[in-house]
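Each protein sequence line maps, in turn, to chains U and H. Residue numbering for the first sequence follows this note's numbering, starting at 1097 and increasing by one per position. Residue numbering for the second sequence follows this note's numbering, starting at 1097 and increasing by one per position.
FYI, nobody ran anything at the bench for these hints, they're computed from the structure. Note that CB positions come from ideal geometry on N, CA and C, so glycine has one too. There could be a bad hint or two in this list.
Calculated from the model, a selection of chain U residues having no Cβ within reach of chain H, i.e. all distances over 10 angstroms [stated by the list, open to error]:
(1) ILE1144
(2) TRP1149
(3) LEU1162
(4) VAL1163
(5) ILE1167
(6) ILE1170
(7) SER1174
Residues from chain U that face chain H, not an exhaustive set, calculated with beta carbons under 8 angstroms [stated by the list, open to error]:
(8) ALA1110
(9) GLN1121
(10) TRP1126
(11) LYS1129
(12) SER1130
(13) ASP1133
(14) LEU1141
(15) GLY1145
(16) ILE1159
(17) PRO1160
(18) ILE1180
There are 2 protein chains.
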Amino acid sequence: MNHLNYIDFFGFLAALLTTIAFLPQLYKTWQTKSADDVSLVMLILFIIGLLCWIIYGLKINSIPILVANIITFIFNFSILVLKISYRKNK
Amino acid sequence: MNHLNYIDFFGFLAALLTTIAFLPQLYKTWQTKSADDVSLVMLILFIIGLLCWIIYGLKINSIPILVANIITFIFNFSILVLKISYRKNK
């Protein structure tokens, strides 16, 4: 039980960091109303990849992988929507 | 064995997509010599998070998590180096 908790700690720390990492990007994009330097192809491939991680997390019953990728998906989808909407306004 | 291979397929597909996703970003940053819209805080938090995923992947013996995060680390570290170097040149 303690061994499992120790492993989960790194999983949750990893999940926390790679999830909250996209909040500063979302805030910056919202503030500057610009995401020209952010690659559209990257966002699309990354979002499809996150969906695959969610399926993988379900299959191996990994809560850290599930939680991390669902929230990361929401943030990146928001960045994608902002990027497209700001581009249309130009 | 077949069951394991089926699960690993999603893991490897997820790994492939969330890894190659950063190649277009690296290429775009290299071509435009600009990454002003890419958040520095995001890159730093994401890179530290990737290191934690690598530790987690080792602990749960997940090859897809390990491979994905090591390559993603290399790409994002390169984007960070380019961003800092282009900012200094301005």
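Hint-by-hint comparison with the structure:
1. ILE1144: violated, 5 angstroms
2. TRP1149: violated, 4 angstroms
3. LEU1162: LEU1162 of chain U is indeed farther than 10 angstroms from all Cβ atoms of chain H, at 12 angstroms.
4. VAL1163: holds, 13 angstroms
5. ILE1167: holds, 12 angstroms
6. ILE1170: Its Cβ never comes within 10 angstroms of chain H, the nearest being 15 angstroms, so this holds.
7. SER1174: holds, 13 angstroms
8. ALA1110: holds, 4 angstroms
9. GLN1121: Check passed: Cβ of GLN1121 of chain U comes within 4 angstroms of chain H, closer than 8 angstroms.
10. TRP1126: Since chain H brings no Cβ nearer than about 11 angstroms to TRP1126 of chain U, farther than 8 angstroms, the hint is violated.
11. LYS1129: violated, 10 angstroms
12. SER1130: This interface hint holds because 5 angstroms falls under the 8 angstroms limit.
13. ASP1133: holds, 4 angstroms
14. LEU1141: holds, 4 angstroms
15. GLY1145: holds, 3 angstroms
16. ILE1159: Not OK, violated: ILE1159 of chain U not within 8 angstroms of chain H, min 12 angstroms.
17. PRO1160: holds, 7 angstroms
18. ILE1180: violated, 14 angstroms
Taken one by one, the earlier hints fail for this structure at numbers 1, 2, 10, 11, 16, 18, listed in ascending order.
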